[in-house]
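Each chain is listed here by its residues.
2 protein chains.
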Amino acid sequence: MTAVTARAHTNIALVKYWGKADPNLMLPQTSSLSLTLDQFYTDTTVEFDPRLTHDMVRINAQLLAAPASQKVVDFLNIVREQSGQSAFAHVTSVNHVPTAAGLASSASAFAAMAGAASRAAGLELTPRALSRLARRGSGSATRSIYGGFVEWQAGSDDHTSLAIPLQETVDWPIAVVALVLDPHHKRISSRQGMQSSVTTSPYYPAWKTVVAQDLATIKPAILHQDFSTMGEVLESNAMRMHALTLSAQPPYSYFNGDTLRAMDTVRVLRQAGQECYYTLDAGPNLKVFCQTPDLPTITQKFAEQFGAEHVIVAHPGPGLRFLS
Amino acid sequence: MTAVTARAHTNIALVKYWGKADPNLMLPQTSSLSLTLDQFYTDTTVEFDPRLTHDMVRINAQLLAAPASQKVVDFLNIVREQSGQSAFAHVTSVNHVPTAAGLASSASAFAAMAGAASRAAGLELTPRALSRLARRGSGSATRSIYGGFVEWQAGSDDHTSLAIPLQETVDWPIAVVALVLDPHHKRISSRQGMQSSVTTSPYYPAWKTVVAQDLATIKPAILHQDFSTMGEVLESNAMRMHALTLSAQPPYSYFNGDTLRAMDTVRVLRQAGQECYYTLDAGPNLKVFCQTPDLPTITQKFAEQFGAEHVIVAHPGPGLRFLS
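Protein chains in written order, with full-length UniProt numbering: chain Y, 1 to 324; chain L, 1 to 324.
For reference, chain Y alone in the conformation it holds in the complex:
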């Protein structure tokens, strides 16, 4: 059989995915919008092999035993079902995402897996079909099939829930400064957090309206390169997502003291004329959007405050591609 290697980059959501409508099909409660980044990616090789008696999954040179490999095996089962390929597979995946950067490696991982596994199984899928397939592995992977700004349209079933590019090639000098502040494993996973928000936050119904309004505002802002509007929307969207965690029963938070200090730094930088806006996902680490002329001042400020080794700069990145 042929080994196929695919590379996909991670993405950072400007309008968040927070809540599943169908946990089996990974249908989301709302649409979402992201920027694919250039710095963080996963290379995955898949080869189906009739001699195997079970799937062999190596991630970062570590052979995974069950149950750790179960998510990958489940995903391969979907590919086998779609392709008619019945053999088990060798999967070798290497994440080029700094440990605990707060930049979900599952997005790049399952996007690369969707590409490599489908082609290795003999399928030639369109990007839309790859996006649908990646969704089954991880919601945010749906968007990493495309480069640049990408919208995941919630849809209503397996067929209609997929990403479409808003602007694949970003001709706009913007950057994302990732602060890597806390290497600890988070106490509440995204999956648990989303579920808790959907089922217990009294604010969840209003969140769905927030997302619809934010998407309607941010898409033209991106296309018109209106940085202020884009920034205000992405920051308030993130905080309204985190308000769902505080308002869940029991309440919880992904913030720590560094999170709050970094938020203050963003505010101080803005007051000093360096326009920047933060977002954060199900973890304590801020990702700060800025325009490249402001990048030196902003990175220096964060390096002074948190140490240069905790500051990583990323730019808009490309979609899925095949390396072999």
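These are computed hints drawn from the structure, not numbers from a lab. All figures in this text were calculated on a predicted structure; none of them were measured in a lab. Incorrect hints may appear among the rest.
All copies of an identical chain are treated as equivalent in the list; a pair is satisfied when it fits inside any one copy or across any two copies.
[Claimed, not checked] Calculated cross-link-like contacts (lysine to any residue; reagent style SDA-like; alpha-carbon spacing at most 25 Å):
(1) K71 - G307
(2) K186 - P23
(3) K208 - Q291
(4) K219 - P250
(5) K219 - P202
(6) K301 - E232
(7) K186 - G273
(8) K301 - P250
(9) K208 - H159
(10) K186 - R270
(11) K208 - L27
(12) K20 - L260
(13) K301 - S86
(14) K219 - P127
(15) K301 - N256
(16) K301 - G257
(17) K219 - E168
(18) K20 - P205
(19) K20 - Q291
(20) K186 - L269
(21) K20 - I312
Since the structure of chain Y is provided, determine the placement of chain L on it from the hints.
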């Protein structure tokens, strides 16, 4: 003229007041519920004096000039209007509330002021009328007219918005451990914060439903001494109030790193069997409710973590009384 001295204690809200419906009459968006505390109080003496050419306001031995005295002068004008008393007044007020304890001294201050000023002006007001009057000075003062557990009924106008006691004498061994963690003046006042939440948070309409449900749950829990239910409601109510600050535009937070660490400590204590629940208002300091058998372990834990000098224990306290 006669000098009258009144003493009122501060209170801590279990179901929060967060948002005005009428800023002039201080009518709230929702009802709220509090416990009056024994540790923190204000003594206020008022004497009307025809020889004065303006009101003389001394707080903690400091003579206030305009505009610092304006809130007190405005309040005295309401008393003069109600009483027909036309003289200016000497006001001497001493707050026995530790600086920045996060226990609003305005609650005890305006409750004591309402008592002393109305009686000095010749009015003999019922507790209900005193509660309505105190409301004009500060929303939370409405509740400090009564001891124990008190509900401020939102009402719909000046006449109907007032506190009523739920249980004035608390025959239940409970305590509130106040952590005094941050002496800094807060960046966003309660007044600004409330206004911002009411006008910009998409979750505010749902907050009003939350409060109605929380009141319906917590009142029987208090009367039946069901500590777990009371605790769960007061903690989730506080977090849902703070979710309104994160979801405002622009977003803001009253939390700091110590706030998050103290929340974690409460969680750890609960897991270890010491049942306790926290609340916090428009500032970073936690107030932790517990039952007195657990008090030694809980205070020791917080003393170890933050220093014994930052830990103050309070119990249910009395309503307004006249000292002369």
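Same-copy or cross-copy closeness of K20 to Q291 [CA-CA at most 25 Å]: So K20 and Q291 fail the 25 Å test inside a copy (33 Å) and across (39 Å) alike.
Copy assignment of K186 with G273, given that the CA separation must stay at most 25 Å: between (34 Å within a copy, 23 Å between copies)
Homo-oligomer pair classification [G257, K301; C-alpha up to 25 Å]: both (17 Å within a copy, 20 Å between copies)
Homo-oligomer pair classification [P205, K20; C-alpha up to 25 Å]: Close inside one copy (13 Å) and across copies (24 Å); limit 25 Å.
Copy assignment of K219 with E168, given that the CA separation must stay at most 25 Å: within (13 Å within a copy, 56 Å between copies)
Up to 25 Å CA-CA - E232 versus K301, copy category: Answer is within: at 21 Å inside a copy they meet the 25 Å cutoff, but 41 Å across does not.
Intra- versus inter-copy proximity for P23 and K186 (alpha-carbon distance at most 25 Å): Classified as within: same-chain Cα gap 21 Å, cross-chain 42 Å, threshold 25 Å.
Identical-chain pair category, K186 with L269, by Cα at 25 Å: between (28 Å within a copy, 20 Å between copies)
Within, between, both or neither, where K301 and N256 count as close if Cα-Cα is 25 Å or less: both (19 Å within a copy, 20 Å between copies)
Homo-oligomer pair classification [R270, K186; C-alpha up to 25 Å]: So K186 and R270 pass the 25 Å test across copies only (20 Å; inside, 29 Å).
Identical-chain pair category, K301 with S86, by Cα at 25 Å: neither (54 Å within a copy, 59 Å between copies)
Intra/inter-copy verdict for K301 and P250 if alpha-carbon distance must be at most 25 Å: between (36 Å within a copy, 22 Å between copies)
In this structure, the hints that do not hold are numbers 1, 3, 12, 13, 19, 21, in rising order.
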